[in-house]
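Engineer: If you read the sequences in order, they're chains S and C. The opening position of the first sequence corresponds to residue 266 in the working numbering, with each subsequent residue numbered one higher. The opening position of the second sequence corresponds to residue 7 in the working numbering, with each subsequent residue numbered one higher.
Errors might be hidden in some of the hints.
Stated by the list, open to error - Straight-line Cα separation of at most 25 Å, BS3-like style, residue types lysine-lysine; simulated pairs:
{"id": "1", "chain 1": "S", "residue 1": "LYS327", "chain 2": "S", "residue 2": "LYS276"}
{"id": "2", "chain 1": "S", "residue 1": "LYS309", "chain 2": "C", "residue 2": "LYS107"}
{"id": "3", "chain 1": "C", "residue 1": "LYS75", "chain 2": "S", "residue 2": "LYS343"}
Keep in mind that the hints were calculated from the coordinates and are not lab data.
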Amino acid sequence: EAGVAQSPRYKIIEKRQSVAFWCNPISGHATLYWYQQILGQGPKLLIQFQNNGVVDDSQLPKDRFSAERLKGVDSTLKIQPAKLEDSAVYLCASRRTGVTEAFFGQGTRLTVV
Amino acid sequence: DAKTTQPNSMESNEEEPVHLPCNHSTISGTDYIHWYRQLPSQGPEYVIHGLTSNVNNRMASLAIAEDRKSSTLILHRATLRDAAVYYCILLRNAGGTSYGKLTFGQGTILTVHP
């Protein structure tokens with residue numbers, strides 16, 4: 266089966282600019298996750314969707330980050346305005362309902378200068 | 007949320023077995039033990055998971071303590087390609103706010119020497 270697709274792979278922006286990341290999960294996967302991974306740290310969960318509903322967004326900085334999953338398929342994560350500390354790899358993952366493995370995309374490496 | 011504790015780093019020689027420990031003393035009855043690994047510059051990949059019984063697959067074995075408060079990921083013959091960060095994660099399979107939440111800790115950095 267095709268994997269989780271993310272784009273772009275790399276993005277460089279200046280602070281205070283906005284940026285958006287796109288994720289296409291594996292077909293039929295109801296659960297979708299967005300993670301932020303800062304260099305040297307484990308992935309930090311930003312938001313979890315079940316179909317098109319938000320299950321957990323407790324660690325999403327809602328003053329600048331937003332995410333949506335229209336029609337329960339593709340998802341976008343937006344940062345507006347970006348800060349230097351947002352420089353990280355943003356990972357998307359998807360999983361079928363139940364006790365199944367999650368599949369991760371390659372990630373988007375964001376550099377804020 | 008139940009937390010896991012892993013050593014920061016471990017080393018192994020190629021073709022030798024590796025035992026990666028994980029403590030999860032606050033595990034609940036509906037938590038499954040999942041292991042993922044992350045190779046350099048890649049997203050995490052699933053390795054194995056279990057509930058109570060030991061599990062084997064083509065990548066590794068998972069040994070779960072009888073009281074479920076700890077587990078060990080076993081790589082039977084380490085190769086250079088197994089050098090990665092290994093994460094032990096508890097995945098809750100019941101209702102509530104933690105349902106399906108996949109929370110990563112710092113993981114164990116595994117170095118494999120030729």
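Engineer: Where does the structure disagree with the numbered hints, that is, which hint numbers, in rising order?
Structural biologist: Hint 3 alone not satisfied by this model.
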